[in-house]
Structure formats: C-alpha cells, structure tokens
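> For reference, the chains in residue letters:
4 protein chains.
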Amino acid sequence: MSKPVCAVVGVGPGNGASFARKFASEGYAVALLARNKDTLKELEEQIPGSKAFVYDVTAAEKAGETFERIKAEMGPVEVLVYNAGSGMFGSIDDTTPEAFESSWRVNALGCLACAKQVLPDMRKAKGGNIIVIGATASLRGGANFAAFASAKAAQRSLVQSMARHLGSDRIHVSYVIIDGVIDLERTRQMMPDKPDEYFLQPDHIAESVFLLTRQPPSAWTFELDLRPFGENW
Amino acid sequence: MSKPVCAVVGVGPGNGASFARKFASEGYAVALLARNKDTLKELEEQIPGSKAFVYDVTAAEKAGETFERIKAEMGPVEVLVYNAGSGMFGSIDDTTPEAFESSWRVNALGCLACAKQVLPDMRKAKGGNIIVIGATASLRGGANFAAFASAKAAQRSLVQSMARHLGSDRIHVSYVIIDGVIDLERTRQMMPDKPDEYFLQPDHIAESVFLLTRQPPSAWTFELDLRPFGENW
Amino acid sequence: MSKPVCAVVGVGPGNGASFARKFASEGYAVALLARNKDTLKELEEQIPGSKAFVYDVTAAEKAGETFERIKAEMGPVEVLVYNAGSGMFGSIDDTTPEAFESSWRVNALGCLACAKQVLPDMRKAKGGNIIVIGATASLRGGANFAAFASAKAAQRSLVQSMARHLGSDRIHVSYVIIDGVIDLERTRQMMPDKPDEYFLQPDHIAESVFLLTRQPPSAWTFELDLRPFGENW
Amino acid sequence: MSKPVCAVVGVGPGNGASFARKFASEGYAVALLARNKDTLKELEEQIPGSKAFVYDVTAAEKAGETFERIKAEMGPVEVLVYNAGSGMFGSIDDTTPEAFESSWRVNALGCLACAKQVLPDMRKAKGGNIIVIGATASLRGGANFAAFASAKAAQRSLVQSMARHLGSDRIHVSYVIIDGVIDLERTRQMMPDKPDEYFLQPDHIAESVFLLTRQPPSAWTFELDLRPFGENW
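Protein chains in written order, with my numbering: chain A, 1 to 233; chain B, 1 to 233; chain C, 1 to 233; chain D, 1 to 233.
Just chain A, same shape as in the assembly (with noise of 0.2 Å):
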C-alpha cells in the first residue's frame, strides 16, 4: 500500500492499457476499471501491481462504493485518468434520445461520478491529477456526430470548470483532445489500406499523458491535443 494510486476508468486494448502500463512502470499501483471483465482479467495479469475492479460508468451511483474499494485495498488515488468515452456516430435523425443520453452518461456524468470521490483524498493529500481523454468533437458539432459531439462538449466544460475550480487545491486538473485515429485491432480492419502513420501510438499518447502529471505547478497544463504527423487538420 505504499505505492502511489493512479486508477484508470475505461480501460481497454487501446489508451487504457497503455496508460495502465506507463503508470505501474512509473511505480504506481494501478487499479483498472471497466465494464469487461474478461479484458479486465487479462490486463491484471499483464500489469504487475494492477487490480481489477467491475465498473459500468454509466451507473454513476456505484462510484461510491467502487471508490471505496480502492481504497481500502490500495490506499487514496492520486492520479486518475479518465479514459471512458464511445464514438458513436450518426445525425439528429440517427439519434434516439436514449443513444444521445448513453452517449452523455459514458462521457459527462461518469467523468463526474468519479472525479467526485477522488476529490476528498486529493485534498487531504494537497494534491492530486485529473487527466480526462477527449476528443476533437469538443470542440465542434459535426453534422455526424450528433451524440459524441455533444456529449464531448459537455465533458470539456465540465473538465474546464474543475480545472479553475480545483487549481487552487493544487490539483492538477487536465484535458486531452485526441485528434485522429487510434491504432487498434479494430480500427486497423476498418481501414486496411492506410499506412502505419496515419494512425495515434497508444503508448505514445500515454508519455504525454503521464508527463502532465509531472509538470510542476507554477506551469500547469490544462489542454493538451495530439495528433498524428500527417494529419490533415
């Protein structure tokens, strides 16, 4: 239990296992939260120091009591890197309002769940890392992204209004804006005929990730964007 915590929320094959392994290699003890438990499971063994909890990030009212347990079993959580977040895409009239409201659970009140419990640690710890993985669509509402855009902004601002608000707690709140494709299993079968770069390294997300929780605090980050070299933008 001496070990700094740094919990990752949404961890998949992608950014979250990344981040899971930048961070225990760093020397955090790292818990992994998602929905899956057989992904879970895997990466557990992967990660020395790691442990798995089950948490669906759409049932806000459960962060309590999976925050709890976190605690209890690894100690207060220093860095918490939020990294839930699903694409879906489609107009207003793709939309249902329960596809727009699923959209914004996963992405705005989630992020809010648990930035809420990790708050009373990070105080009484005079410190703390919030890092939220975002995405371009916060930015502007495309004519396909009726959901994701919407419910990204809605994470943005929110993330915006805890940076200013907990900055003088000295916790360090930042947001990420993912601007491209993510290289994947699955998105590599989506696009077969794109070459090696077109495509974001999760690990090299993470580097810049775990870097924000490194810088000190008379220069503090609140937005970072990355994006592949041949981007077109």
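FYI, nobody ran anything at the bench for these hints, they're computed from the structure. All values reported here derive from a predicted model rather than from experimental measurement. Zero decoy hints are in this set.
Covered by chain B, according to a simulated footprint, are these stretches of chain C (three or more residues, beta-carbon under 8 Å):
1. 164 to 175
2. 190 to 200
3. 203 to 217
With the Cβ distance kept under 8 Å, some of the chain A side facing chain B (calculated, not the full set):
4. ALA60
5. ALA153
6. HIS165
For glycine and all other residues, C-beta sits at the position ideal for the given N, C-alpha and C.
On the provided structure of chain A, position chains B, C and D as indicated by the hints.
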C-alpha cells in the same frame, strides 16, 4: 389553421413571453409550452391566437404526444423556439449527479426531443426555423458553472450539428448566445442597484430572434450573440 | 448635409456596392472609398446621394485627410463599414514577407486607421456603428492561408478589442464572418459548375449588415456569421 | 559543430534565458538572438557552447544573413524557439498606427521571417521543431490589448497554418500559450504584494517547451497552455 405556427418551448415571464408576443404580432399562431399551467393560462389570454400546452421538457418521452396535439389543433410547426434553460450555479463540489443530470435534461436532451418532433413537417414544407436560446456559459466552463456550462455546451454542440445537417433541407437552425442579465422582476430584485441599461430587454432579444427567421437562405446566421452595450465582456 | 452619413471602405462590384445601395435606400448619404477611380465613378453615378473618395487602405497615413474631406463634404460619419480585404492564398512556402505584410495592412492596419478617424465624431454624437467584414479564415489558420488567415485573425482581434472598449460609449462595433463564396462575375467564372444556391448574395449580406445598425443597445450583436444554406461547414 | 543546434530568438532575462539553458543542458549548441548586445554577451558567457547573434526581429529583411551566419558558425538549426513578443497595452484610443505596426512586426512578421530561414535545412534533415511562445491574448481581444492581442492573434494563426502545412514534412510546429505573469525582476517590482506562487517560473516553462521536442511523431501537440496552479482564468 391557416396562420403559420410558431412553438415556443419554455415560456415564462421573460424571453419566452416576448418571443410569443413578437411572433403573434407578425402573424403567427403561437403554441406556448411550459410546465407551469398558471403562467401558461395568463399568457394564452394575453396573446391573441395563442394556445397553451403543459409540457415538462425533462419528460422527453412525452414530446411526441405534445407535438401531435399542437399539429392537430394548430397545424405543422414552421418555427420552433427552444427557450428552456435553467441556471443552476455552483462548482463541482456543489453539484450532485442529480443536479448535473437535471440541467442536461432541460438544456440538451429536451432540445433534441423537441427538434426531432418538428423535422418531418419542416421537411415536407421544404423549410423551417429552429432557434435555440443559449448563453455565454456554452463557450466556457467557469469554476462556478459546473452543471449549467456543461449542459449549455452540450446544447450548443447539438444545435451546431443540427445546423450543419439540416441546412441543405432548408431548415435554418440558429443558436442565440445571451451574454448578460435579462430584465425580469427576479433579476431586478437580486440586483437592485444596477441601472436600467445593465439589463437585456426581452423584447429586444425577440426582435433579433424574429429577424433570424427572415434571413434569405443565401446568407443564414448560425450563431448570434446578444449583450447590453455596457456589458463588460 | 442633413442625411446621416455611412462610409463604406473597400467598395467593389460585390459586397461593397450592395452595402452602399442598401444604406442609400435607407436614407443615408454614402461615402464610397476605394483605390480604383473607375469603379468608384460608376457607383457614384448609380447611387443617388453618394460621393466617391479615392483611398488606398494600405496608405494608413492618408486616412486623416480622407475622412476630413468626407466630413467637410458630407458631415460626420454615423456608420462605418470596413469591407477592405484581400484574399491572398498560399502556404508559408508561397508567402513572402512582403505579401504577408500587404495582407495585414489591408485587413488590420487599414481598419485601425479608419476606425480611429470616425471615433471622435461618434463620441460627440453619443453613438455610432462600426461594422467590419471578416471571414471564416479569421478563426482558423488553414495550411494554405498563411497570410490571409493571419491578417483576418489580427483584424478580428482588433475589432473585438474595439467592441469591448467602445460599447459603453454606445458605439456598436460588429464583426461579420462571411463563410462561403460570394456571387461575383469573377467567382462564377472560377466555378462555372456550381449552382446558384452555392453562392452568397451580396444583397442578402447587406440586409443583415444593415439590421445590425438597427439593434437597440440593450441587445447588441458583436459577431454575425453568414453562409449559404447548403454550405458544407 | 556536431551538436544539434537550437536557435532561441528573443532571449532576455526570463523565458529566453531559461530556454537557452535548458536546451544547452540537453546537449544542444544554442544560438542566442536578441537586440541587446549586453544581455547577449552575459548569457553567452554563462551558457557553455552558446553563441550570441545581435538581431532585431523587426528587421525581417536581415533574417537571411543572420541565419546564414548561424549555419556557418554552428550548423543547421534543428530547433527554433521564437520567444520575441512585446507586451504593449492600451485600447484603440491609446494605440497609434505605429505602435500597432511595431507590435505586429515583433510577434507575427518576425516569426514568419525566422521560420522561413530554417525550413530548407529542416526539410533536408527530414524533421525539426519550431516552437512559438504565445499568450492568452492570442485568443481574445481585450479592451486594453488592441495592439498586443491583435499581434498575438496574427501570430497564432500563422503558426497554426505552419503546423498544418509542415506536419507531413515531419516538422513539428507548436504554440505555447502563457497564461499568467512570468517571474522576473520587473514583474516582481510591479506586483510586490503577490506571493511566489502567483508567478510562472521560466525554468518550468522551459521544461514543457523542451518536452515538446521529444514527442514522437505519432502524437504531436500543437497548442500547449501553461499557467500557475492558482491562476484565476
């Protein structure tokens, strides 16, 4: 039933009443939607040719039957003004998940639900207007606006997505950014020392909102900010 | 000399001519400013009560004498429309320091110079309108707009600063963001295959520009975007 | 001549000196560029392997010969840090065309001129880094920042255009948004009552600036904001 129909969602004593009066005076039959039966009745009596419909925007699942009644009693909606929006204040510490959700339901989900109801008839008519009343908070997550700013950002993103998607169907979607305090009994009591010119006049807001519906399709505005001349912004 | 005076800087065959005609039809004496004597003469003959003034906006040092002549011959300016703006394209590789400077002189420095000339009389009159015609490029530095986007960004920032500073003097400063291609002989020749509805009509732009000067001071717009309904944005 | 070369344009006692020291400590030969010979000499003596070049960024026409000397004496530039930027304050009333122009020359034209000098060698080397030090004023035209905000907006737009254009050549272009007051003898004298933690530390800024040059090309940052934890933003 030969007058064009304008539906104002969220009519209260301020902007909503002014929108209703303005569109009525320009020859529209106005459907008045709000939760509060008494406010609605009073307005219905004041505004010739208007009709009141009790509707709670947070009950998105009732949008269908409400708009069917409007259509049956008044005709297809040509102009939708979405004015619902609650101003809950507070930082993340003050914001429960319930309050965060309620704010989003009023501002974002309710807007989606109403917009989806009017699209089929607007498409049949080969045109229409959807105007959503936003706020500066949609652009900036202030420390003490965790719920309101996030909900307004979600709203603005959705409306932008709608504007991009619906333009080619000649449905003109606009977002009005109110930047300042509206002149209401309530706001005057909260700020008794402010001069008249500190406040936005609802009738003046209504003037610009109405003119959006008169723009020819070769030069449409999506976003319109409105503030008093002396506002410090 | 009893008509209110509107000065349009940068009148050519497109927007500038439409602004001049619109304000003339609404009862203004219109001062026409441009480099090209022949264009000016033609417009002066077409528009009753207008007067031509040869003026090169890049020669900021001549703004004083030009606006003194306008005042002497027509009266103090009540509405200034700054429409000068050149569309130089190209990446940093294509952009010489000279071209970069020239673009900035037309869009930003020339705007400052003209605005400074009309402020004293607007203050004396306890009101006035300054409208600057911008472009989407003011919001985004595209790869092939190194000079134009930078000049427009400089212009927009200046105009925003003016709006904030001059509001309390009841001088209404607005920025119009044209998003699309204007219908001109030149643009039609460049894009012969585009349908009519692809283009922004200068007369429709002029309509919205004029209405900005009619907004009551309790609800002023700073930024107004205008685009054709079918624009892909 | 075998060390990689970093050129810092605009070295003074604050950020510039810290950038120079940081890159020198990481193995770079540092070219120091500034107007003031005495400041330069002092730094040159303090920083091993650095070389001073007297250069006035407003004399864009001299960029060619200055960068040729750097190349001849030190080798091709691998990292360019453009730190020149003057903080002229005042509203449009306080801003002469000359002051407006001077601000733009330092921040925007000077940046273009230096960037154009280093591009050929970066392309030959199939990579390089250009980092431009900006400010919050680049995003917002405040009432009392008519010249400074406009110049910084012009700079940011140019740098964004460069980033988009040069990415595919593996030239990483970034813009750093300093949001707050830098810790300098001068700023301490101006604000003697502020606590230490009010100020941005130049060495901490330099840390993040250096790390931008270490990002792998699959996940590059364009814009990085930096502010003290207690900043009210």
